[in-house]
Every structure is written in structure tokens, then in C-alpha cells.
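Please take these sequences and the hints and turn them into a complete structure.
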Amino acid sequence: MVKTLIRVLLLLSVALNLPIAQANNKSLILTGSSTIAPLAMEIAKRYESQHPGVRIDVQMGGSSRGINDARLGLTDIGMVSRALKPTEQDLTAFLIAMDGIGIILHKSNEVNTLSDAQIIDIYTGKINNWQQLGGSDLPITVVNKAEGRSTLELFLKHFTLKNSQIKAQVVIGENQQGIKTVAGNPNAIGYVSIGTAEYEQTLGTAIKLLPMAGQIATVESVAKGYYPLSRQLNLVVNATPTGLLRRFIDFAQSAEVRDLIDAQFFVAPLKMDSNSG
Amino acid sequence: MLSNSNRIDRRLNGLLLSMVCVTALLLALIVLFLLSEAWPFFANREPDGTWLQLFYRQNWYPLEGQFGMAPMILSSLAVTAGAVSLALPLGLGSAIFLQFYAPPRSAQGFRLLLNVLAGIPSVVFGLWGLTRLVPLITSWQPPGASLLAAIIVLALMILPTIALTSASSLASVPKEMLTGSMALGLRRNTQILHVILPAARAGINSGVLLATARALGETLAVLMVAGNVVQFPSGLFEPVRVLTANIALEMAYAMGDHRASLFASGLLLTLLVWLLSWFAHRVNQVNNREIRGG
Numbered sequence: 001m002v003k004t005l006i007r008v009l010l011l012l013s014v015a016l017n018l019p020i021a022q023a024n025n026k027s028l029i030l031t032g033s034s035t036i037a038p039l040a041m042e043i044a045k046r047y048e049s050q051h052p053g054v055r056i057d058v059q060m061g062g063s064s065r066g067i068n069d070a071r072l073g074l075t076d077i078g079m080v081s082r083a084l085k086p087t088e089q090d091l092t093a094f095l096i097a098m099d100g101i102g103i104i105l106h107k108s109n110e111v112n113t114l115s116d117a118q119i120i121d122i123y124t125g126k127i128n129n130w131q132q133l134g135g136s137d138l139p140i141t142v143v144n145k146a147e148g149r150s151t152l153e154l155f156l157k158h159f160t161l162k163n164s165q166i167k168a169q170v171v172i173g174e175n176q177q178g179i180k181t182v183a184g185n186p187n188a189i190g191y192v193s194i195g196t197a198e199y200e201q202t203l204g205t206a207i208k209l210l211p212m213a214g215q216i217a218t219v220e221s222v223a224k225g226y227y228p229l230s231r232q233l234n235l236v237v238n239a240t241p242t243g244l245l246r247r248f249i250d251f252a253q254s255a256e257v258r259d260l261i262d263a264q265f266f267v268a269p270l271k272m273d274s275n276s277g
Numbered sequence: 001m002l003s004n005s006n007r008i009d010r011r012l013n014g015l016l017l018s019m020v021c022v023t024a025l026l027l028a029l030i031v032l033f034l035l036s037e038a039w040p041f042f043a044n045r046e047p048d049g050t051w052l053q054l055f056y057r058q059n060w061y062p063l064e065g066q067f068g069m070a071p072m073i074l075s076s077l078a079v080t081a082g083a084v085s086l087a088l089p090l091g092l093g094s095a096i097f098l099q100f101y102a103p104p105r106s107a108q109g110f111r112l113l114l115n116v117l118a119g120i121p122s123v124v125f126g127l128w129g130l131t132r133l134v135p136l137i138t139s140w141q142p143p144g145a146s147l148l149a150a151i152i153v154l155a156l157m158i159l160p161t162i163a164l165t166s167a168s169s170l171a172s173v174p175k176e177m178l179t180g181s182m183a184l185g186l187r188r189n190t191q192i193l194h195v196i197l198p199a200a201r202a203g204i205n206s207g208v209l210l211a212t213a214r215a216l217g218e219t220l221a222v223l224m225v226a227g228n229v230v231q232f233p234s235g236l237f238e239p240v241r242v243l244t245a246n247i248a249l250e251m252a253y254a255m256g257d258h259r260a261s262l263f264a265s266g267l268l269l270t271l272l273v274w275l276l277s278w279f280a281h282r283v284n285q286v287n288n289r290e291i292r293g294g
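Chains as they are written, first to last, in the working numbering: chain S, 1 to 277; chain V, 1 to 294.
By construction, these hints were calculated from the structure, which means they are not laboratory data. Treat each hint with caution, since some may be false.
As the list claims (entries may be wrong) - Which bits of chain S does chain V cover? Going by a derived footprint, with three or more residues having C-beta under 8 Å, they are:
no.	segment
1	64-78
2	157-165
3	174-181
4	185-191
5	230-240
What the hints assert, rightly or not - Listed next, with one range per pair, are the computed distances between beta-carbon atoms:
no.	chain 1	residue 1	chain 2	residue 2	range
6	V	110	S	160	53 to 61 Å
7	S	228	V	47	43 to 51 Å
8	S	74	V	198	56 to 64 Å
9	S	57	V	255	16 to 24 Å
10	S	46	V	10	54 to 62 Å
In this text, a Cβ means the ideal position worked out from N, Cα and C, and glycines have one as well.
Structure, rendered in C-alpha cells:
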């Protein structure tokens, strides 16, 4: 009877402690960017299968939450889909992959290139018809991302815009929703992850990726670091990693997970050993 | 024997009472949770009264400190009103057809169809709306993702609720009423419109209330087809963002006051649904008094 009670109490204490990150060598928690989460889950699955007894839990919640949780010690590793800001230098980032944001139009659109200035004019509503850009006489449907998404943040930063300046006709959440919206609307312009867009293109979805500043929007150009509208996918920790934490980060940066990065349509960084800082 | 059944009654009474208490407690806890999560937003803005901007400002840029929800409140109401006014005649018509006009076999088939329609998950409606309905509207009136698309998708979703609850409340009208009105020699449509429908009004009302609450609370399907631009619903072809879609779009990425303001909008939604059910309750009361009085 007493034994059972002790067992139940032990079980309870384990159950209650689960959400809090623990510096043991049996389990890890990752929280943050929903862009990185699917990749992190695949990497975690492979790591778990190679190291029986280890449990790795991946939870989404956005890059800002990844930073926050890592800083407060609520998680072992934060997932952050951008480089660390100057105010975040108390954390250490490990680059595991690159992601590019591509401007997409409907396949039937006659416009094939847009300058940065033209994209800004479209998104701020100064240009509202494709005719002004050499296309057919059709109103432009501007597709923007919802507030708080790191894709939006990167887009705004690149074009030095504020979200309140953008005059959108459609606001979307996930990349897939953006691709379906543009594929279903010949007048639309939007931006999504290049990996996702390139994959959809190979499936024959009615979209096309525009080049940026003369660089074609491909996974390859992102990997080489030529493509301007790109971002880092980082694992972030708040102290020098040791033990299981160190081994997992090393694994995530090793060539062993390259096929997983490719399968998620991200781009493996060319220098796998560098800290992105 | 008697005392035995009394004891069972008492036990059952206690059990049911505790169940009711648990349900009530859950609701109270949810509201408390919403209040505590939304509190920072109100606390930071209470001294200078700027929290009221939720209700009258029209700019929603939480990261730039602008928290106007008025356009989203109105959009939620417009989408719901549109969907209900589209689904109510269709649903009620279906119910009357099902109950009084359809031959038994096709009534069975039609009822099955409505049940299947009621069982389709909202994400499927949303996907259909995004890939079929929105492009169709785009080819006519760009940008396509609009108030109209949201109304049509929502109307389809709540149609079976209205049809099935109306049909069952029509079926539960006492047979004597029907036979009595037949004996008076009333025409079929007079029987239905002036005898059966008024008698079933309370049931139909509660079905419509259920559907309205569902329309107000539906998130995913509306998120996919409404365009989600924060602006007043000025036309059927204009994109709008509803309160629920706003929460779903931004909650995963929100921090601090932004997050608290989203919980405040959740509180607002709960309040709207309460107001609605109170209103429906009042309408029913007035109706009952009229029937009794007449």
C-alpha cells in the first residue's frame, strides 16, 4: 500500500515537472518558430531512434517565444527563424539551415521582374494595377502576412516598411494559405518561404517566383548567400551547451541531417560548423 | 419500497447537482482565465482611458501600439448576420419540406444528406472555399476573399443545424394541433404557416441561436476565405477580418500587450454570445406570454 502511494507520488512529481526544462541527460524541450518546428521534429525523431531512452519534445509558438523561453529557461533550446538582434547577444545561436522568402505571382501574370521600389509601391498601394507595370489591365491583389509572423518581419525589414503602411487585400497566416491564395487569383502578389514555393512549383501549382535584385529565387542561391531576401534558422540556448544539449546541437548541425533539411525545402548552410551569433 | 426509491432519487439528485456544479465551475474558470490574461492590457490603459480604443478606434497595429477592434467587431456581426439570414430561409424550408411534403423515402435520403453536411469538419469547408469559391468570386469581383465568401461558407456550415433542429421541433408539435387544424378544413399551407410554425417557434428559435453562436465562433473556415484585412465591412466584395480569425492568426506569435489584447477580444466574443442568448431568451419569453395571453 505504502509502496503504491510512493509510486503514485513519484509519478505525480514527474508529471508536474514535465513542462519545465530540466538539465538532465534524458529529455530536451524545444520551443519557438513554427518554420523550424517541422524540421526540428524530424531531427529529434532521428536522434531519438539513434539514442533510445532520450525524449525530445518540440513545441511551436513563434520566434519571439523561442527567444523568451530560452532566456527564461522555460525551454532547453529556442527555435528562432532569424539572426539574433543586438539586444539578444546574451543568447548563443547555432545555425542549422537557411530559408529564403520569395515574391510569388500567378503563373499567368505577364510581369516577370519587379524592382524593390516597385514592390514597395505595390505594397503601399501607390501602384494598384498590373497595367502600370507592363501587365494586363487588372487590379492588383496584395497578399500580406498576419502581424507577428517572422516572414512579415523579414519582409518589412528588407523593404524598410511599417505594417501600417501596407495596403493589403488579403491577409494570411501559413505559407500554404498564401500559395493557395495566389494560385487561385491571377491578379495576386504575395511572399512565402522559397522552399515551399519551389516545391509547389514542381507540383505544377499555378505560381511563379520572381528574382530579387537580379538573383533568381532558388534554394541554391539562398544556400550560397546570394539571395537578399533570406533568413537563418537558428537553435538558441542561454548558456554554453553541455551533455545531451551539446550532442543534440552537434547532431542538428552535422551532415547526418542534410536529407531532412532538403526534405523540408530548407537550405543546408554551406559552412556547417560556424556559429551565426 | 417507497423509502428505497426515495434514497435512489436523493442520490441521483446529488450526482446531477455535482455535475451541474462542475459545468458551471468550468465556465467560471474559463471566464476567470480570460480576465486574468486580458488584465495587463486593461491595467496598462485604464488610467488614461485608452483601453476604450478597443471599441471605437479602427486601426489594428498591435506592434505599433494601436489596438482598435471596432472593424473586427462589426465584421464578426456582419458575417454572422449574413450567414444566418441566408441559412434561415433555406434551413426552415428544408425542415418544412422534410416534415410535411417529402415522400418518406426521399425524406430519409435528405435527412441523411443534412447529417453528412453537419458532420463535415470546418477545415474542409475552408479548404473548399479557398480553392473553389474564392477563385470563382475573384474572376467576377477581385480580390475574391471577401465578406461574401465568408457568408456563403458559414451559411453552408450552419444550414444543417437550423434544418435539423427546426425539423425536430416541427415533429414535436402535438398531433392534436395538426388534426384539429385539418378538421377545421384549413389548407395545407395555412396549417403549416399559422398553426404548426407558431407552435414550434421556441424550438426553431433555439436552433437559430445555436447556429448563430456557431457562426460567431467559427474560426478556421472564415480565416481561410474572408481575406482578413482589418477594415469596416463596407461591401460584400470587401475583405474583412473577424474577431476569432484575428485571435487564430496572431495568438501564436503575440507577446505582452498584444497577447493580452487578443484575450480581451476573446472576452468580448464571450460577452457577445451571452448577450445573444439573453436576447433569444427574452424573445422566447415574450412569445410565450403572447401565446398564453392570446
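Each hint, compared with the structure:
1. 64-78: holds (count 3)
2. 157-165: Since 3 is at least three, the answer is holds.
3. 174-181: It holds, with 3 qualifying residues against the three required.
4. 185-191: n = 4 at 8 Å, threshold three: holds.
5. 230-240: violated (count 0)
6. V/110 x S/160: 53 to 61 Å: holds (59 Å)
7. S/228 x V/47: 43 to 51 Å: Distance hint for residue 228 of chain S, residue 47 of chain V holds at roughly 45 Å.
8. S/74 x V/198: 56 to 64 Å: Cβ of residue 74 of chain S to Cβ of residue 198 of chain V: about 59 Å, so the range 56 to 64 Å holds.
9. S/57 x V/255: 16 to 24 Å: holds (22 Å)
10. S/46 x V/10: 54 to 62 Å: holds (60 Å)
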